[in-house]
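K.L.:
For reference, the chains in residue letters:
Protein chains: 2
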Amino acid sequence: MAAGLQAPNPEDLLAVEGMRIGTARAGIRKPGKRDLLVLQFDPGSVASAVFTRNRFCAAPVHVCRKHLSESQGLIRALVVNTGNANAGTGQAGLMLAQETCDHLASMLQVPASQVLPFSTGVIHEPLPFDRLIAGLPEALQAAELGSDGWLQAAEAIMTTDSLPKAASMAVECGGKRYHLSGISKGAGMIRPNMGTMLAVIVCDATISPGLLDCWVKDISEQSFNRITVDGDTSTNDSFLLVSTAAKSSSTGSVIDTDEHPDAAPLKQAVLQLAQRLAQAIVRDGEGATKFITIKVEQAASQTEASQVAYAIAHSPLVKTAFFASDPNLGRILCAVGYAGIDDLDVQKVDLFLDDVHVASQGGRHPDYQEEAGQRVMKQQDITVRVILGRGLEETTVWTCDFSHDYVSINADYRS
Amino acid sequence: MAAGLQAPNPEDLLAVEGMRIGTARAGIRKPGKRDLLVLQFDPGSVASAVFTRNRFCAAPVHVCRKHLSESQGLIRALVVNTGNANAGTGQAGLMLAQETCDHLASMLQVPASQVLPFSTGVIHEPLPFDRLIAGLPEALQAAELGSDGWLQAAEAIMTTDSLPKAASMAVECGGKRYHLSGISKGAGMIRPNMGTMLAVIVCDATISPGLLDCWVKDISEQSFNRITVDGDTSTNDSFLLVSTAAKSSSTGSVIDTDEHPDAAPLKQAVLQLAQRLAQAIVRDGEGATKFITIKVEQAASQTEASQVAYAIAHSPLVKTAFFASDPNLGRILCAVGYAGIDDLDVQKVDLFLDDVHVASQGGRHPDYQEEAGQRVMKQQDITVRVILGRGLEETTVWTCDFSHDYVSINADYRS
Chain B
879 MAAGLQAPNP EDLLAVEGMR IGTARAGIRK PGKRDLLVLQ FDPGSVASAV
929 FTRNRFCAAP VHVCRKHLSE SQGLIRALVV NTGNANAGTG QAGLMLAQET
979 CDHLASMLQV PASQVLPFST GVIHEPLPFD RLIAGLPEAL QAAELGSDGW
1029 LQAAEAIMTT DSLPKAASMA VECGGKRYHL SGISKGAGMI RPNMGTMLAV
1079 IVCDATISPG LLDCWVKDIS EQSFNRITVD GDTSTNDSFL LVSTAAKSSS
1129 TGSVIDTDEH PDAAPLKQAV LQLAQRLAQA IVRDGEGATK FITIKVEQAA
1179 SQTEASQVAY AIAHSPLVKT AFFASDPNLG RILCAVGYAG IDDLDVQKVD
1229 LFLDDVHVAS QGGRHPDYQE EAGQRVMKQQ DITVRVILGR GLEETTVWTC
1279 DFSHDYVSIN ADYRS
Chain V
879 MAAGLQAPNP EDLLAVEGMR IGTARAGIRK PGKRDLLVLQ FDPGSVASAV
929 FTRNRFCAAP VHVCRKHLSE SQGLIRALVV NTGNANAGTG QAGLMLAQET
979 CDHLASMLQV PASQVLPFST GVIHEPLPFD RLIAGLPEAL QAAELGSDGW
1029 LQAAEAIMTT DSLPKAASMA VECGGKRYHL SGISKGAGMI RPNMGTMLAV
1079 IVCDATISPG LLDCWVKDIS EQSFNRITVD GDTSTNDSFL LVSTAAKSSS
1129 TGSVIDTDEH PDAAPLKQAV LQLAQRLAQA IVRDGEGATK FITIKVEQAA
1179 SQTEASQVAY AIAHSPLVKT AFFASDPNLG RILCAVGYAG IDDLDVQKVD
1229 LFLDDVHVAS QGGRHPDYQE EAGQRVMKQQ DITVRVILGR GLEETTVWTC
1279 DFSHDYVSIN ADYRS
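Which chain is which? The protein sequence lines are B and V, in order.
Take 879 as the starting number for the first sequence in our numbering and just add one per residue.
Take 879 as the starting number for the second sequence in our numbering and just add one per residue.
Keep in mind that the hints were calculated from the coordinates and are not lab data.
Accuracy of the hints is not assured; some may be wrong.
Any copy, or any two copies together, can satisfy a pair, since identical chains are not distinguished.
To be verified - Derived DSS-like pairs: lysine-lysine, alpha-carbon spacing no greater than 30 Å straight-line:
(1) K908 - K1256
(2) K944 - K1226
(3) K911 - K1125
(4) K908 - K1125
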């Protein structure tokens, strides 16, 4: 099930110069599943990333942070396995993540610090290291084939995802044409706090590591950090932005500030891709049948806008009402009420469901008719708009409904 | 479904001197359901209460606060309807709650400020005031019958509850025998923040309003404020403690400090009753099949102990794993990791499932076997113990699992 999400059309996915894609069936958890991905990057490629703030963060996240720091952002390869998160695995897990990089680095004849590891899957189980390593030659062989295998790459990182998530954009700047392609995965344990496991966007423009750092933070805040499926911040969330430096810029100089003429259109394209990939995760949320946009307006601060948006987005009662297409909208007011704004004046709160004015002055809007609420609740895409009447800040969060299938998927996930 | 909860045995429920119980079938939402409760108290009865901190708190909560303040805790009656929460109903709802009290007060010839109204049910729909008022004579007639109708009282306040919740205790102090009886309701929208809609405990001892105030706050913190079903703090949560003053104390003086010889045993009895009624709500949690006790130990503060306990208790992934009896315990570590303790050292965290040592030093405990985890997960009652290794504070929270039936119940609730 997925709320308005389709598999990407391979023809829409653009090859990005300066990199190659390879996948393998390594049998990490289940035999026959494409579960190993290697991306290789040409010399000069740089990356920046944001990772989960979960204190039980996975071993590969620790290694990624260390390598990106040691290599000052230079990157030659990344390796992703699904089926096992290598999280909650202590010192032993940390060593295996490091040895994965060492192994791939020696196969590719590159520094180990320029190899980044990623894992996703079940937490608290030992990583099947031997099977992972045994799968690498197949992935590297595939990598010889070229840079247009984004659909296979997206498939190779799926866990409970029902569809692969990949997207591309082309950007024209002063006669230059850049390609950007990205993939993401995730359907449950989704409430990213710095990025989500795993999203990668690769671009062939020549962008400085410093500017990439700024962009990855700004953009994750407006995309992956604005989605939630179940409120569970994963141990493995990671969002990686890579520049292969395969194409010089329209001025010939490295794109190293937002004032560079190529910067604004490129950043806008990365943001659009990131939002598309983030929203794809929500549309493919475990058991999702509805895609819900929650806008909170006229808040006194970003913090309280987020508090209200996430209180609504995480309420199991609100989410099951969406599943049932039931305009039981008092549940939304209830969530606004317990979001933690101690001095909220409910007389000033307005609630809209798409264009329908549901509540005002602490109660029902006089013109509200249940039929109008019912009409909107039956849609696949719904916007909830809460106006707090306290200030000028606003935020948007994307989420999905809560269905029987969420319970089925998560009660059966390991089996 | 209910996890280890049975209907109370009427023979275990004790009459409390100084009060009478009446119920009626008023047809508030559905015809034929017992949905109206009136408790009448003798002159001299005093009450103290805690209410929801939800900013969209219900109209009757506003009126209760006002009346308790005006009457300085004196109480002659309370009236409870189910089927409609009278919340999110604005100024109109407030007037109807007040008029309900005025009406009952004039029937009983008591001051309106000594009548407290309570409502529970669907939010954001107009209160069917006429049907409520029309049901009062039947409830008052029943009230003539006596003070042992606690089971009917518990039935009259049920919404999605599958079983009535009532309990009694007798306390002996220096030759005096006091009776305490209480009722509670609730199964969903349960994450009380000051008490839960609705719990009432009545005692025939003579306790001062000031001491009642202290007790109701202390006791709610250790009972109703330590339970959660779905994390949704209701608009109507209320916990009311009433002393009918029907019996003088063992010393003859009012029980007005914790130093009074009757105070300690009475307070302990109220706490035990409150915990029993609170735990009954969790055991009857919507769709619940498991009763989970979450203990967090060695925290640096009460705040962080609660953060960790509620992160686990609210995680849909943890709750569905309990439903499936699947020892997918990495999900618990994940919740500990995102609970918001920025400087948590995961090397110092230990996780136990009942007596099974699951995790230590950031990974699996060396002796942990999946079969041992499986054995505990199959039980109906399970204790999760998280040791943070940071300090001396600890807390306990009670919750339930998350099943298909939770979704069914809440997707169908209004139909």
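K.L.:
State whether the alpha carbon distance between K908 and K1256 is at most 30 Å within one copy, between copies, both, or neither.
P.N.:
Between copies only: 25 Å across chains, 38 Å inside a chain, cut-off 30 Å.
K.L.:
Are the CA atoms of K911 and K1125 at most 30 Å apart within a copy, between copies, both, or neither?
P.N.:
neither (35 Å within a copy, 74 Å between copies)
K.L.:
When no copy is named, should K908 and K1125 be tagged within, between, both, or neither for a Cα gap of at most 30 Å?
P.N.:
Intra 40 Å, inter 70 Å, cutoff 30 Å: neither.
K.L.:
From the Cα coordinates, with 30 Å as the cut-off, is the pair K944 and K1226 best called within, between, both, or neither?
P.N.:
between (49 Å within a copy, 22 Å between copies)
This entry does not satisfy hints 3 and 4, going by the numbered hints stated previously.
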